[in-house]
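Going line by line, the protein sequences match chains A and B. The first sequence begins at 0 in numbering that gives the first Met the number 0 and counts up by one. The second sequence begins at 0 in numbering that gives the first Met the number 0 and counts up by one.
Please keep in mind that the hints were generated in silico from the structure rather than gathered at the bench. Each hint can be trusted.
Derived DSBU-like pairs (lysine-lysine); straight-line CA-CA distance at most 30 Å:
#1 Lys29/A x Lys63/A
#2 Lys84/B x Lys6/B
#3 Lys225/B x Lys6/B
#4 Lys8/B x Lys181/B
#5 Lys63/A x Lys188/B
#6 Lys188/B x Lys2/A
#7 Lys201/B x Lys188/B
#8 Lys63/A x Lys225/B
#9 Lys2/A x Lys63/A
#10 Lys66/A x Lys8/B
#11 Lys66/A x Lys192/B
#12 Lys2/A x Lys13/B
#13 Lys225/B x Lys151/B
#14 Lys66/A x Lys13/B
#15 Lys2/A x Lys6/B
#16 Lys2/A x Lys66/A
#17 Lys6/B x Lys66/A
#18 Lys8/B x Lys188/B
Source: prediction; values computed, not measured.
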Amino acid sequence: MAKLTIAVETCKGCGLCADVCPRHLLALSKEINSRGYHPIAISDQDQCIGCAFCARMCPDAVIKVEK
Amino acid sequence: MAVVYEKTKLLTDKPLHYCPGCTHGIIHRLVAEAIDELGIQERTIGIAPVGCAVFAYDYFNCDMMEAAHGRAPAVATGCKRVNPKNIVFTYQGDGDLASIGAAEITHAATRGENITVIFVNNAIYGMTGGQMAPTTLPGQVTTTSPYGRDPKLCGYPIRVSEMLATLDGPAYISRVSVHDVKHILDAKKSIRKAFETQIAGKGFSLVEVLSACPTNWGMTPQEALKWLEQNMIPQYPLGVKKEVE
Numbered sequence: 000m001a002k003l004t005i006a007v008e009t010c011k012g013c014g015l016c017a018d019v020c021p022r023h024l025l026a027l028s029k030e031i032n033s034r035g036y037h038p039i040a041i042s043d044q045d046q047c048i049g050c051a052f053c054a055r056m057c058p059d060a061v062i063k064v065e066k
Numbered sequence: 000m001a002v003v004y005e006k007t008k009l010l011t012d013k014p015l016h017y018c019p020g021c022t023h024g025i026i027h028r029l030v031a032e033a034i035d036e037l038g039i040q041e042r043t044i045g046i047a048p049v050g051c052a053v054f055a056y057d058y059f060n061c062d063m064m065e066a067a068h069g070r071a072p073a074v075a076t077g078c079k080r081v082n083p084k085n086i087v088f089t090y091q092g093d094g095d096l097a098s099i100g101a102a103e104i105t106h107a108a109t110r111g112e113n114i115t116v117i118f119v120n121n122a123i124y125g126m127t128g129g130q131m132a133p134t135t136l137p138g139q140v141t142t143t144s145p146y147g148r149d150p151k152l153c154g155y156p157i158r159v160s161e162m163l164a165t166l167d168g169p170a171y172i173s174r175v176s177v178h179d180v181k182h183i184l185d186a187k188k189s190i191r192k193a194f195e196t197q198i199a200g201k202g203f204s205l206v207e208v209l210s211a212c213p214t215n216w217g218m219t220p221q222e223a224l225k226w227l228e229q230n231m232i233p234q235y236p237l238g239v240k241k242e243v244e
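Turn these sequences into a full structure, and let the hints steer you where they fit.
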């Protein structure tokens, strides 16, 4: 099982990570961060395989992946 | 739990000012990771350009300088020649490198200056509001080519990598893209190779990275990456353009 840690405050909600997730686990949150963006959120942490595609695609380096 | 991937320490904690979905952030990270992996942080000097990446000096956790518009290769030449042990790289956009800085980059390349150039090509002037650049594609709409770039009026886009590869000076020139994970991994290898070329003292190295500008292209980040893949790559073919063993 893998674990994603998302730096919510620096995420700009571009959604590029969501497009590359092979399990389609990422989507923009309904919450708004202090900079006015909807940050990315993971729907089902247990399904994450820790491939780190999302982290490698993220332009703002907000995702940390552990496995 | 073991860390599979986390932000490199070669990037500072300052949040990037780039627009959402701008691939400058990916390219910053790849350059930072390459410097980190090669263990050259303490002797690396980066030269920031004028353009969207003008604040690059705030983001890299190594010594950084700011150059006048287009003059980063000239400043890098000084940094390298005064102490050849320095590892010197410039980070330049297409407006900076291919337009106002066309003379500096050409002469640094033909002199075979032992520096590394990261050339970010997004086919438009980003910071100034989306004007036509030397790299704008034929037919591409910008604020100064509202009906699409007409080559009869404005000429054709410059293929910088191919042009510089005709010179005798450069040791390594390649073009990469960052529109998906596979190409990001390839781009990382290429950037690392460019730094290794400099460390080995072989001479001038340049990596051209095709980059997306969702804001000025008037697209979502997703549409912009698709547009890059479908339109920019046919105009700017990927691959190694020159490599001296």
